[in-house]
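There are 2 protein chains.
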Amino acid sequence: MIIQKSTQPRIGSFDPESYSFGDHFIDHMIVCEYQDGKWGEVKLMPYGPLSFSPANMAFNYGQACFEGMKAYKDKDGEVYLFRPEKNFERINKSAARLAMPEIPKEVFIDGLKALVDVDRAWIPYGEGKSLYIRPLIFATEEALKARVSHKYMFAIVASPAKSYYTAPVSVKISDYYSRAASGGVGFAKAAGNYAASFYPTKLANQEGYEQVIWTDDTTHENFEESGTMNVFVRIGDTIYTPKTSEKILDGVTRDSFINLAKRRGIEVVIGDVKVKDVVDAYRNETLKEVWGVGTAVVTSVFEAIGYKDEKLILPKLEFEDSYALTLQRDLVAIQTNQAEDPFGWRVKVERHVLEGA
Amino acid sequence: MIIQKSTQPRIGSFDPESYSFGDHFIDHMIVCEYQDGKWGEVKLMPYGPLSFSPANMAFNYGQACFEGMKAYKDKDGEVYLFRPEKNFERINKSAARLAMPEIPKEVFIDGLKALVDVDRAWIPYGEGKSLYIRPLIFATEEALKARVSHKYMFAIVASPAKSYYTAPVSVKISDYYSRAASGGVGFAKAAGNYAASFYPTKLANQEGYEQVIWTDDTTHENFEESGTMNVFVRIGDTIYTPKTSEKILDGVTRDSFINLAKRRGIEVVIGDVKVKDVVDAYRNETLKEVWGVGTAVVTSVFEAIGYKDEKLILPKLEFEDSYALTLQRDLVAIQTNQAEDPFGWRVKVERHVLEGA
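In the order they appear, the protein sequences are chains A and B.
For the first sequence, my numbering assigns the number 1 to the initial residue and increments by one for each residue that follows.
For the second sequence, my numbering assigns the number 1 to the initial residue and increments by one for each residue that follows.
Don't read these hints as lab results, they were simulated from the structure.
Take every hint as true, because none was put in to throw you off.
Listed next, with one range per pair, are the computed distances between beta-carbon atoms:
(1) B:Gly265 with A:Thr219: 40 to 46 Å
(2) B:Glu350 with A:Gly12: 54 to 60 Å
(3) A:Asp280 with B:Arg283: 46 to 52 Å
(4) B:Glu355 with A:Gln8: 41 to 47 Å
(5) A:Gln8 with B:Met1: 33 to 39 Å
(6) A:Glu246 with B:Glu355: 53 to 59 Å
(7) A:Pro49 with B:Pro168: 41 to 47 Å
(8) B:Asn205 with A:Pro104: 22 to 28 Å
Below 25 Å or equal to it, Euclidean Cα-Cα: the simulated PhoX-like pairs (lysine-lysine) are:
(9) A:Lys162 with A:Lys129
(10) A:Lys162 with A:Lys202
(11) B:Lys145 with A:Lys129
(12) B:Lys151 with A:Lys202
(13) B:Lys262 with B:Lys316
(14) B:Lys145 with A:Lys86
Here's a subset of chain A near chain B, in silico, CB distances under 10 Å, partners left out:
(15) Gly22
(16) Met29
(17) Asp175
(18) Ala296
Please read these numbers as outputs of a predicted model, since none were measured by experiment.
The C-beta atom is built at its ideal place from N, Cα and C for all residues, glycine as well.
Here chain A stands alone, though its shape is the one from the complex:
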């Protein structure tokens, strides 16, 4: 690993009591470049801009994918990653679908640990606080040819985070727009999937909804995702969530929620979640909760669902009656080392990992 420490660290001016998510970047970043058919040496360097031409293929043809993950600090100042191998595996699935080279495990995991260790002072401690980590791969060849790039960059950047939205939100069931084609790239964390979702989200915002519940593009009869999250529906005391597919992201938080629900003896049904069944459950008052899950906000509880011209108002549950909030608490307790970790999900970041690197 090439190590180039910042000579002008900004950590001194960072106020862990007052910051906004995603705007502040830690002092360093990881960069690794791919050319001539292979990945070069991993480099830890000061966070900052690099040189790219507007003819860069990522800007033109969108070969870019990313991961979202977090590091958590416990009361003793120890730092933990959460299931980083899942993110490693998934970024390579995304890369493969976009015809990009896969990242070697040591580049991803060693780079991640080195970065988090070097900038551990940037990780805020406290409820809902964490370091949001963004590994990404993008094309870097400078050529106007609509074909795969021959050069790529893998980078890891990170930003202190807090649960930036915890108030309940209203979501609109899409009956026209969609985020994924059959035989498309919906399962991948492909950059283009996000850009494609912004305009329909803007339209939903104009109708008073924070997010869109994405449905299948052919019939709009089945739930797929919600905003940039996986979605869960509770009818009676059973939880339903769509089966992952080529169109649905295999979310780490989703998988963790399923495991945590099962541990509590809650029945989880993984399969089609039909709009009709959700609406019918609302009509007969068995629809108790609908929520989204994802790394950034963990859980987004829905207070209302827009369905055609109607707004279905969901019950307001007390904390102890809510599966969404109970499972969120279970998850966060494991992530932040406040509870046992029977699943082996936490990965401690050792100190001084770069010594001897």
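Let chain A serve as the given structure and place chain B on it in line with the hints.
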């Protein structure tokens, strides 16, 4: 317009008799930045890299779209653009679908003319030669938030071009992968659409096909596009091409071919092009030609079509019997000022447009 001419022009080292498409860039580029809700002043500056962080939103969320267009030099050294208003209109349709700000007409058109005029020495003259021009818009805000960017860059870069592939190609009808969802972004020249197409194309390449004929993602029974081109099918003496839609790009070359065919009295049917009808026509020997059209290569003639495990071998037509080649010749003659332009498609680029700018 801010004008910053190159002090180290590379034109002296450019050999117009020997170059490869898309690798050489002309001496200048156009850049215009958007922030605080408005576009700034257009800048003509030396082509080259600019500073972007790996946390740049275009790399992460894929808000990026582009246009492809050409400038042509005639025997007298005069330079022409081809239907630039169509590209202007389309980039704004793409931008709107990706929730990006639209470009003002003067930024697009004036920037284009200034760039082409300043670097007119870079435009090669001769059969199939032209200057390929790439206007693009991409997000430039530096933030890890999955929402629309608040900053963007509009840029125009350009590269001397030749018809880089004119030999007939084999194409595979997709029966699994697809490029566009209903309610998605298929009609837009969104960067992510290209990245999504590369892996299926790679699989087609491994089967011995150069490109994929994209079909609808629900049934795979209807032609949509071919590779990055619109597609035409000739059965008997009638030409068929899919109707443009939210899933199909409204190609300038496509529209020009339709007009040129009609001028020749050729019947053109715009509507569903069913895989079954094409295969049936092949069986009963009325399938005469299938080809793709686009700005970069103008026409790509297909010699074979892969359909499931079968390879349908298309007839080899003489030039004068081929609608594809005849219409291509008609189009190129107009583009390069070798024929009358009854449609008013050519736009001459005046000399010294920057004087007094």
